[in-house]
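With the sequences and hints as input, model every part of the structure.
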Amino acid sequence: MNNTAIPAIPALDLKKSLTIACNGQQTEFLNPPRSARSQLREKFVELQSYWCESGFSTGDLLGNDRAWQLMKDIIALFPRKDNPAVTGFDLEPLQTDPYQLERLFLTQDKGEITAYRNVDDELQLNVFIDTFESCLILEFCCYEARLILQDANRMFRDRQDAKVEESITEPVKAEPERIPKVAVAAEAKPVETTEDAESSTGSKGFKKAA
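Counting the sequence shown from 1 gives a position; this note's numbering is that position plus 12.
Honestly, the hints are just simulated from the structure, not real lab data. Just so you know, even glycine gets a beta-carbon here, dropped at the ideal spot from N, CA and C. Treat each hint with caution, since some may be false.
Claimed, not checked - Each computed DSS-like pair below joins lysine-lysine, with the alpha-carbon atoms no more than 25 Å apart:
#1 K93 <-> K122
#2 K122 <-> K175
#3 K122 <-> K84
Unchecked claim - FRET-style restraints, in silico, Cβ to Cβ:
#4 N95 <-> G123: 32 to 38 Å
#5 G123 <-> I180: 36 to 42 Å
#6 I180 <-> C34: 21 to 27 Å
Structure below.
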């Protein structure tokens, strides 16, 4: 009998965490459960579609209420390492820290990402997708950030196309029918002559005493 010992298989390290600093305190988060993965990806695609719409301007993105809600929804999917039954944290204090929000939800390095408007006032986005750097959360969750950004750009373009199509197909409202006004002749009044006026009033224009 071969008594050679079978080498022990190292246990999976499930303790890797993502540390987020807020208000001088650091909170560690674990990866979301498998059941939340599809929801997480969908929210990221929608969030980054608004980032594309803003021309990669994180400052403008923070003024978008829907984008801000998506950030809250995303962070709420992450369980805390010290207490997995509790998820997320209050994101409000970070609203004045766009740099950290950009690194968490958008990209760790904007690099050569640029945007401008052409002569037709159309938004043009320039991204070297091969060198695009993931945000911290997508990197932590082992997502391919470049694919998510491409899907986000497609969602943004589809939204723009839908707006254009809606403006083209929107029926023109008919103006209310205008009813022509019929001019009514005023009742003719007798013309008062100078002699009539002088007979009823004095030479100074005052009425005569009875």
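Tested hints:
Proximity of K93 to K122 is assessed by CA-CA distance (about 29 Å); at most 25 Å being required, the pair is judged violated. Among the hinted pairs, K122 with K175 is inconsistent with the structure: their alpha-carbon atoms are about 28 Å apart, more than 25 Å. Between the alpha carbons of K122 and K84 the distance comes to roughly 22 Å, so the proposed pair stays at or under 25 Å and holds. For N95 and G123, the hinted distance range of 32 to 38 Å is satisfied, since their beta carbons lie about 37 Å from each other.
Checked against the given bound of 36 to 42 Å, the beta carbons of G123 and I180, roughly 37 Å apart, stay inside it. Between I180 and C34 the C-beta distance comes to about 46 Å, which lies outside the given range of 21 to 27 Å.
Comparing the model with each earlier hint shows violations of hints 1, 2, 6; every other hint is respected.
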